[in-house]
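Peer 1: Single-letter residue listing:
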Amino acid sequence: MEEQDKILHEVTSQEYKFGFVSDYEMDTIPKGLSEDVIRMISAKKNEPEFMLEFRLEAYRKWLKMPMPDWAYLKIPPIDFQDIIYYAAPKKKPQYESLDEVDPELIETFNKLGIPLEEQKVLAGVAVDAVIDSVSVKTTFKETLAEKGIIFCAFSEAVQEHPDLVKKYLGSAVPTSDNFFAALNSAVFSDGSFCYIPKGVRCPMELSTYFRINAAGTGQFERTLIVAEDDSYVSYLEGCTAPMRDENQLHAAIVEIIALDRAEVKYSTVQNWYPGNKEGKGGVYNFVTKRGICRGESSKISWTQVETGSAITWKYPSCILMGDNSVGEFNSVAVTNNYQQADTGTKMIHIGKNTKSTIISKGISAGKSDNSYRGLVKVLPGAVNSRNFSQCDSLLLGSTCGAHTFPYIEVGNKSSVVEHEATTSKIGEDQIFYCNQRGISTEDAIGMIVNGYAKEVLNKLPMEFAVEAQKLLQISLEGSVG
Amino acid sequence: MLTIKNLRVAVEGKEILKGINLEIKAGEVHAIMGPNGSGKSTLGNVLAGKEEYEILEGEVLYEGQDLLDLSAEDRSRMGLFLGFQYPVEIPGVPMVNFIKTSVNEHRKFKGLEPLTAGEFLKLMREKKELVHLDSQLTNRSVNEGFSGGEKKKNEIFQMAMLEPKLAILDETDSGLDIDALRVVSEGVNALKNPERSAIVITHYQRLLEYIVPDFVHVLYQGRIVKSAGKELALELEEKGYDWLKK
Ligand SMILES: Nc1ncnc2c1ncn2[C@@H]1O[C@H](COP(=O)(O)OP(=O)(O)O)[C@@H](O)[C@H]1O
Ligand SMILES: [Mg+2]
Numbered sequence: 001m002e003e004q005d006k007i008l009h010e011v012t013s014q015e016y017k018f019g020f021v022s023d024y025e026m027d028t029i030p031k032g033l034s035e036d037v038i039r040m041i042s043a044k045k046n047e048p049e050f051m052l053e054f055r056l057e058a059y060r061k062w063l064k065m066p067m068p069d070w071a072y073l074k075i076p077p078i079d080f081q082d083i084i085y086y087a088a089p090k091k092k093p094q095y096e097s098l099d100e101v102d103p104e105l106i107e108t109f110n111k112l113g114i115p116l117e118e119q120k121v122l123a124g125v126a127v128d129a130v131i132d133s134v135s136v137k138t139t140f141k142e143t144l145a146e147k148g149i150i151f152c153a154f155s156e157a158v159q160e161h162p163d164l165v166k167k168y169l170g171s172a173v174p175t176s177d178n179f180f181a182a183l184n185s186a187v188f189s190d191g192s193f194c195y196i197p198k199g200v201r202c203p204m205e206l207s208t209y210f211r212i213n214a215a216g217t218g219q220f221e222r223t224l225i226v227a228e229d230d231s232y233v234s235y236l237e238g239c240t241a242p243m244r245d246e247n248q249l250h251a252a253i254v255e256i257i258a259l260d261r262a263e264v265k266y267s268t269v270q271n272w273y274p275g276n277k278e279g280k281g282g283v284y285n286f287v288t289k290r291g292i293c294r295g296e297s298s299k300i301s302w303t304q305v306e307t308g309s310a311i312t313w314k315y316p317s318c319i320l321m322g323d324n325s326v327g328e329f330n331s332v333a334v335t336n337n338y339q340q341a342d343t344g345t346k347m348i349h350i351g352k353n354t355k356s357t358i359i360s361k362g363i364s365a366g367k368s369d370n371s372y373r374g375l376v377k378v379l380p381g382a383v384n385s386r387n388f389s390q391c392d393s394l395l396l397g398s399t400c401g402a403h404t405f406p407y408i409e410v411g412n413k414s415s416v417v418e419h420e421a422t423t424s425k426i427g428e429d430q431i432f433y434c435n436q437r438g439i440s441t442e443d444a445i446g447m448i449v450n451g452y453a454k455e456v457l458n459k460l461p462m463e464f465a466v467e468a469q470k471l472l473q474i475s476l477e478g479s480v481g
Numbered sequence: 001m002l003t004i005k006n007l008r009v010a011v012e013g014k015e016i017l018k019g020i021n022l023e024i025k026a027g028e029v030h031a032i033m034g035p036n037g038s039g040k041s042t043l044g045n046v047l048a049g050k051e052e053y054e055i056l057e058g059e060v061l062y063e064g065q066d067l068l069d070l071s072a073e074d075r076s077r078m079g080l081f082l083g084f085q086y087p088v089e090i091p092g093v094p095m096v097n098f099i100k101t102s103v104n105e106h107r108k109f110k111g112l113e114p115l116t117a118g119e120f121l122k123l124m125r126e127k128k129e130l131v132h133l134d135s136q137l138t139n140r141s142v143n144e145g146f147s148g149g150e151k152k153k154n155e156i157f158q159m160a161m162l163e164p165k166l167a168i169l170d171e172t173d174s175g176l177d178i179d180a181l182r183v184v185s186e187g188v189n190a191l192k193n194p195e196r197s198a199i200v201i202t203h204y205q206r207l208l209e210y211i212v213p214d215f216v217h218v219l220y221q222g223r224i225v226k227s228a229g230k231e232l233a234l235e236l237e238e239k240g241y242d243w244l245k246k
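So the sequence lines, in the order shown, correspond to chains A and B. Going by this note's numbering, 331 is the number at position 331 of the first sequence; the sequence numbering is gapless. Going by this note's numbering, 237 is the number at position 237 of the second sequence; the sequence numbering is gapless.
Heads up, some of the hints might be wrong.
What the hints assert, rightly or not - Just the calculated beta-carbon pair ranges, DEER-fashion: (1) A/K280 to B/V96: 39 to 47 Å; (2) B/G240 to A/E418: 51 to 59 Å; (3) A/I408 to B/D177: 42 to 50 Å; (4) A/K147 to B/K108: 42 to 50 Å; (5) A/P66 to B/G148: 54 to 62 Å; (6) A/K147 to B/G145: 44 to 52 Å; (7) A/K280 to B/V11: 33 to 41 Å; (8) A/G401 to B/R125: 40 to 48 Å.
Since the hints were derived computationally from the structure, they do not count as laboratory data. We treat Cβ as the ideally placed atom computed from N, Cα and C, and that holds for glycine.
Turn these sequences into a full structure, and let the hints guide you.
Peer 2: Shown next as structure tokens:
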């Protein structure tokens, strides 16, 4: 399966590379944001008129919006005029060999079991060309094409399938949704597009990128997934390898549209650079992810394992429009050292008999702050709707914080909303029990934390789950004792 | 095997053990009895390496090594086992994974390869039978939702899996009905051999009918106030502890 993903990914990401190459000759875009810059971006990408209008509209709205300050986060001021809003061509490798790379990074790669060749690419070391396996690639492309599945770079979709893009772009996350969504809509560089036609079950897990390409992911990514009636797709985003990126600000958007009886599973592992032990550096991750269950009996589930970034601001949500539609949010969020995370979900019940489930497992260590923020809103017309929320916090040590902010609005009498929350500490007694059986404190914490997060980890696709387990342990190293 | 010399231990500034001396030779079973709060569990925890205790004075030699200098996990790997009075629950961690990790850590320490899945399952089946452990129990999370008796049986099961040189059993008998008590005792006795020793901490002489000790010590207010042969247990059963409190 992993091999499949790899090849599949290579197939689907090729366009990115070509894109970068052809852009290389063009003049560089100046720092800062203005209508001119947006026109330039759109022109460079040779976009149709509707795209430019979409971007400009978003930009004009963004200008009038203040940066949100309601989250339980301390966000240092960001100078939006000090950012280059166009993906620069991929840089040349910075190193000649792995010996020149930060040994701590290499150690983490080894713990995660990442093969040597991949380590080189991730760390920015020069490598020989990857072996070409054209015939296998073709098979995958054919498998997807036979079923009518479209899976390509967003910019390619704009060129090849403008009608689909025009129809669905911004339909789950409108340009004016929030400050960061407006910014992304104005300047997004690229991302992925996925379309599953009526009645088709996508036969493989689709990954936005395999590890190798993960390193080159843009700052303002945009993903759009459309699942037609009676279709199914499972989509993987991210990778467990630690990712260092010079871009401090990341503001991505993911939109999912599920039509009648369609099911979309979206899984994320986020491991961006969290900053050093003193809290210097690290990525600010402001993501807007939203799915609309537009059709009846449709289902969207978000599963996320968040261990990276200095600041995480992220609320993957479901709008349950269709009758009998189902939304799920399963989350593990780990913060250590000086990391801050404010994450959760919104479940908006609009259709009748709609159902949502929220499982959130926060783990805080060091001097970090970890907040769950969730909204469950049941509109008057959403009769007989159900929500169950379980929000647990686990503390390691006494210098970290865990906070829970549930907002519940129920607009009718036939619906039931249940919320449970617990906060616990990893007990010295639990660790000692493990020690007494010959298990080191580090392994004990890994074991206890994975046990705690098991319900969520079990929802991840198999090969992702195993890596995610290791990742949880590594993220918390040095947090106790 | 184990030599404790003038061990004084405090918790949160309060002296709990006030000069313990004890010599345990290979193959011996020692019972430690005494009223609640005497410091019996404290002694077990200190020997096993729990951190919250402050060693004020004294020395402990285990197989010729300075025990107090070793980490808790190394003490375990070197054959010291503590059967807990109150085994903790670890939600979400299946017992089978836990004990497998444990067994393989012990093997790694001895320079042995981890057991194969087949070998491990065979060993586990064997040891579960020994203590009549419900075969479903190992699929559940460590001690989670186990009854009092199941928790204690689970301790003996783990002991059987690890085959320690020195087993310290802290009130393994409390909360067990008479049948369970017999089963647990048989489990302990099955491991007996001239190289292995045990410290059995208990309130009741009942257990000592099944696990016959070579020596009985009475711990009271942090001191061993009396040591004798197995007949002391019977005497305590008859007379209580008051006559020792002076
Ligand atoms: N972690 C601790 N913190 C404070 N006091 C403790 C702690 N552990 C033990 N004690 C105290 O030490 C004394 C002996 O306790 P313990 O060793 O559990 O006795 P026993 O096992 O003989 O009943 C008691 O007074 C108990 O309250
Ligand atoms: Mg006790």
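Peer 1: Which earlier hints can't be squared with this structure?
Peer 2: Every hint satisfied by this model.
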